[in-house]
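Asker: The residues making up each chain are set out below.
There are 2 protein chains.
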Amino acid sequence: MPTFQTVRGMRDLLPEEAETLNFVICKARETSQLYGYKEVVTPLVEPYELLSAKSGEEIRSRMFIFKDLGDRTVALRPEFTASIARLSTTALKSEPKPLRVFSVGSVYRYDEPQRGRYREFWQSNFELMGSNNPEADAEAILLTNSLLKATGLRDYTFKIGHIGVIRGVLSQENVDDKVQSAILQRMDKKEYDEAFKLIEQEKCRTALRGLLELKGGTPFETAEKIKKYVTGYDKAEAAADNLLEILQLATASGCPVKTVEPSFARGLEYYTGMIFEVNVPELDIALGGGGRYDRLIEVFGGESTPAVGVAHGLDRIALAMQMQKTALPTRREKTAVVIPVKPELKAEALKISQMLREAGVSVEFEVMGRKMGKALEDADKRKVDYAVIVGERELKESSVVVRDLAKHEQTTVKIAKLLEKIRV
Amino acid sequence: MPTFQTVRGMRDLLPEEAETLNFVICKARETSQLYGYKEVVTPLVEPYELLSAKSGEEIRSRMFIFKDLGDRTVALRPEFTASIARLSTTALKSEPKPLRVFSVGSVYRYDEPQRGRYREFWQSNFELMGSNNPEADAEAILLTNSLLKATGLRDYTFKIGHIGVIRGVLSQENVDDKVQSAILQRMDKKEYDEAFKLIEQEKCRTALRGLLELKGGTPFETAEKIKKYVTGYDKAEAAADNLLEILQLATASGCPVKTVEPSFARGLEYYTGMIFEVNVPELDIALGGGGRYDRLIEVFGGESTPAVGVAHGLDRIALAMQMQKTALPTRREKTAVVIPVKPELKAEALKISQMLREAGVSVEFEVMGRKMGKALEDADKRKVDYAVIVGERELKESSVVVRDLAKHEQTTVKIAKLLEKIRV
Numbered sequence: 000m001p002t003f004q005t006v007r008g009m010r011d012l013l014p015e016e017a018e019t020l021n022f023v024i025c026k027a028r029e030t031s032q033l034y035g036y037k038e039v040v041t042p043l044v045e046p047y048e049l050l051s052a053k054s055g056e057e058i059r060s061r062m063f064i065f066k067d068l069g070d071r072t073v074a075l076r077p078e079f080t081a082s083i084a085r086l087s088t089t090a091l092k093s094e095p096k097p098l099r100v101f102s103v104g105s106v107y108r109y110d111e112p113q114r115g116r117y118r119e120f121w122q123s124n125f126e127l128m129g130s131n132n133p134e135a136d137a138e139a140i141l142l143t144n145s146l147l148k149a150t151g152l153r154d155y156t157f158k159i160g161h162i163g164v165i166r167g168v169l170s171q172e173n174v175d176d177k178v179q180s181a182i183l184q185r186m187d188k189k190e191y192d193e194a195f196k197l198i199e200q201e202k203c204r205t206a207l208r209g210l211l212e213l214k215g216g217t218p219f220e221t222a223e224k225i226k227k228y229v230t231g232y233d234k235a236e237a238a239a240d241n242l243l244e245i246l247q248l249a250t251a252s253g254c255p256v257k258t259v260e261p262s263f264a265r266g267l268e269y270y271t272g273m274i275f276e277v278n279v280p281e282l283d284i285a286l287g288g289g290g291r292y293d294r295l296i297e298v299f300g301g302e303s304t305p306a307v308g309v310a311h312g313l314d315r316i317a318l319a320m321q322m323q324k325t326a327l328p329t330r331r332e333k334t335a336v337v338i339p340v341k342p343e344l345k346a347e348a349l350k351i352s353q354m355l356r357e358a359g360v361s362v363e364f365e366v367m368g369r370k371m372g373k374a375l376e377d378a379d380k381r382k383v384d385y386a387v388i389v390g391e392r393e394l395k396e397s398s399v400v401v402r403d404l405a406k407h408e409q410t411t412v413k414i415a416k417l418l419e420k421i422r423v
Numbered sequence: 000m001p002t003f004q005t006v007r008g009m010r011d012l013l014p015e016e017a018e019t020l021n022f023v024i025c026k027a028r029e030t031s032q033l034y035g036y037k038e039v040v041t042p043l044v045e046p047y048e049l050l051s052a053k054s055g056e057e058i059r060s061r062m063f064i065f066k067d068l069g070d071r072t073v074a075l076r077p078e079f080t081a082s083i084a085r086l087s088t089t090a091l092k093s094e095p096k097p098l099r100v101f102s103v104g105s106v107y108r109y110d111e112p113q114r115g116r117y118r119e120f121w122q123s124n125f126e127l128m129g130s131n132n133p134e135a136d137a138e139a140i141l142l143t144n145s146l147l148k149a150t151g152l153r154d155y156t157f158k159i160g161h162i163g164v165i166r167g168v169l170s171q172e173n174v175d176d177k178v179q180s181a182i183l184q185r186m187d188k189k190e191y192d193e194a195f196k197l198i199e200q201e202k203c204r205t206a207l208r209g210l211l212e213l214k215g216g217t218p219f220e221t222a223e224k225i226k227k228y229v230t231g232y233d234k235a236e237a238a239a240d241n242l243l244e245i246l247q248l249a250t251a252s253g254c255p256v257k258t259v260e261p262s263f264a265r266g267l268e269y270y271t272g273m274i275f276e277v278n279v280p281e282l283d284i285a286l287g288g289g290g291r292y293d294r295l296i297e298v299f300g301g302e303s304t305p306a307v308g309v310a311h312g313l314d315r316i317a318l319a320m321q322m323q324k325t326a327l328p329t330r331r332e333k334t335a336v337v338i339p340v341k342p343e344l345k346a347e348a349l350k351i352s353q354m355l356r357e358a359g360v361s362v363e364f365e366v367m368g369r370k371m372g373k374a375l376e377d378a379d380k381r382k383v384d385y386a387v388i389v390g391e392r393e394l395k396e397s398s399v400v401v402r403d404l405a406k407h408e409q410t411t412v413k414i415a416k417l418l419e420k421i422r423v
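Those protein sequence lines, which keep their order, are chains C and S.
Residue numbers 0 to 423, in numbering that gives the first Met the number 0, belong to the letters of the first sequence in order.
Residue numbers 0 to 423, in numbering that gives the first Met the number 0, belong to the letters of the second sequence in order.
Don't read these hints as lab results, they were simulated from the structure.
Take these hints with a grain of salt, some might be off.
It does not matter which identical chain is used: a pair holds within one copy or between any two.
[To be verified] Straight-line C-alpha distance at most 27 angstroms; calculated DSSO-like pairs for lysine-lysine:
hint, residue 1, residue 2
1, K257, K224
2, K382, K324
3, K189, K158
4, K96, K380
5, K196, K234
6, K350, K373
7, K96, K373
8, K370, K37
The following block holds chain C by itself, in its conformation from the complex:
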């Protein structure tokens, strides 16, 4: 007898959970349309080489990697960006810029399962390629705000940082690019002591430590403090200006930015500029996040292309909705069961069912051959609106019996008038 368990870290979504996830997916797709992002579908199985090219040690070590029957080393995608970067250097290569691309689907990471974190999870992914202006960065934040608003979530906040500030300081202190990446990885895990150990020069260590300790006040106050602190580090200063501009554009349109954090880093090696996350108080893990990655497309063989992107954890958003008791819009369509009184009337009853369905009524046909009382009792339990009872006598007069299951009332109705009756 085969196992009844799902694979560790994966789970079934029962109807209510599936409905919520689909609702969130639907809102993500609507958001993509409202912001002019074109949807593409990329394979779930990709060459390991592609997925590992720039995703960072952290994610590389947690991919589902295997060989297909053709001995190719492949992996399940842990995110969408590598696939989109590939597309932008192949099929979408000659598309005019800006290029806005949307994807949605499941992704896979071998993480330790915890609340809201599974090994199979769903993301919507937005990439905007071709612009290095702050309004492009702001757009990633704004569309995330639009998506969360559309799901009905009330209580969420944004956290913003800028990789360019930290890299700007480290570069000017002659810290090697790879060491910078290692430092950012440690910071992402909040292992600050480990991060500092990677820096040889005392002066640089002090500079970084001071930067990371800047805190407090409004997001604008923190951003201003950062700018002041990095005076003299040219690239870091430009980055701080950029951060301020993005912050201004995002908040002007009503995004709830709670903090600007100089110590904020994100797990993916490819970020080069602004980074952000969005959180709810009920969960330790972010509902979504993204940022700017201006050198990624080059890595995939494309022309140097500035780009900014964001991914949203759709099943996490669904979980947050549940925790914030966000109600789904209720369905309006009426539902019916259709019950033939005897077996000889099945074909006629099916025809009536088809007519109702073609008009948009959800119909469960009585397939159990139960006695009328049992069938009605079952329909009542399922909270169906109407029972349509197909009997011989009524059929002769082109009629059926319609029972309102909530009101316990029944009337005989001409089949030609049935839709009117049910749609009221």
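Given the coordinates of chain C, assemble chain S onto it according to the supplied hints.
Answerer: Same frame as chain C, now just chain S:
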């Protein structure tokens, strides 16, 4: 530099293809609602043991199998039925019957790629558990008809068979169950000579050969011929009666059944009764198919439960739509670009964009910082309806300039009246 290729047998869907696939997925979901099927989401990665339990040698040998980091042997689902069977014996165990369950998503088989056949493809899957009545079988055919009609396909036909007829004859001739499965597998590949070789007794071979050669006439005529031919084989006779009843119910509701084929077998070992496929003349491979499998749930440790199911190849349906030049419904929503005349007006222009989006207008914000002429030229190429130009002078009067890109006309409009203007 990483590879630019997708893994062999997998492909990217560009915006137009993705839109068509999403349209078909949407129609499948609507069909599930119209027929009262509840949607569940099951993992894409399942224990190998589960997926291989009853899916037949044919599919087993073509699964993507691997070990996860916890040394568990897992595989990518080649179909949905095993996962649904698991659910029906666990989380959905105490749900009242009939139980109608819907799933949709990608599935994976290591097939030789050809037109319409990829190693990653999309299925919608409908399972109706608890009924052994012919109206349940008919429902699987009817809902397939509804789905195909809803996609706009015009030219498709159904082919129906019945595993019970063949198994009925073979059982009464004392052919072992396993040998029967092997025979059906050969038949599915149209290797009839190989199939006959598996039968020891001459009498049985002759009986089967005669059965498979029955052909011609209308579906009803063929079904009647089958019934007559198997007189004396009790189980086969009952199966032939069942086939006739299902055929009657399906055609009464207008399903285009083209043929009843006594030699028709399907690749999955678990079928026990009626089986069917739906085809278009443009493709060699079926757009969907299914049938009855009354012993499957037991295999997964559940109570003996009659069941009937159907899976539809959604990307194949999308391909057939393309070949039959089926037009997608055109979008009605208006689109706009919003262009700030100078950098200082970005925040105001973003606010106006948000207002439009919240009202359902798709807005591409000018993120390239281009000169007005260039930006308008680009908007024109993208076939956007309106350009909203945000300038200082107009803003002072709470207005913007709206340019109708098709008509080459522009007017100054109060921001409060902007939505009216654009939605006309």
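Asker: It remains to establish, for every hint, whether it holds in the given structure.
Answerer: Right, here's what the structure says about each hint:
1. For the homomeric pair K257 and K224, the shortest alpha-carbon distance inside one copy (16 angstroms) is at most 27 angstroms, but the shortest distance between copies (76 angstroms) is not.
2. Taking the closest pair of Cα atoms, K382 and K324 come within 27 angstroms of each other only inside a single copy of the chain (23 angstroms); across copies the shortest separation is 41 angstroms, beyond that limit.
3. For the homomeric pair K189 and K158, the shortest alpha-carbon distance inside one copy (15 angstroms) is at most 27 angstroms, but the shortest distance between copies (62 angstroms) is not.
4. Proximity of K96 to K380 under the C-alpha cut-off of 27 angstroms is restricted to the inter-copy arrangement: shortest distance 12 angstroms between copies versus 56 angstroms within a copy.
5. When the C-alpha separation of K196 and K234 is checked against a cutoff of 27 angstroms, the pair qualifies only within one copy, where the shortest distance is 23 angstroms, while the shortest distance between copies is 79 angstroms.
6. Taking the closest pair of Cα atoms, K350 and K373 come within 27 angstroms of each other only inside a single copy of the chain (23 angstroms); across copies the shortest separation is 58 angstroms, beyond that limit.
7. In the homo-oligomer, the alpha carbons of K96 and K373 lie at most 27 angstroms apart only across protomers (12 angstroms), although the nearest pairing inside one protomer, at 63 angstroms, exceeds that limit.
8. For a Cα distance limit of 27 angstroms, the shortest separation of K370 from K37 across copies, 24 angstroms, qualifies, whereas the shortest one inside one copy, 53 angstroms, does not.
Of the numbered hints listed earlier, not one is contradicted by the structure.
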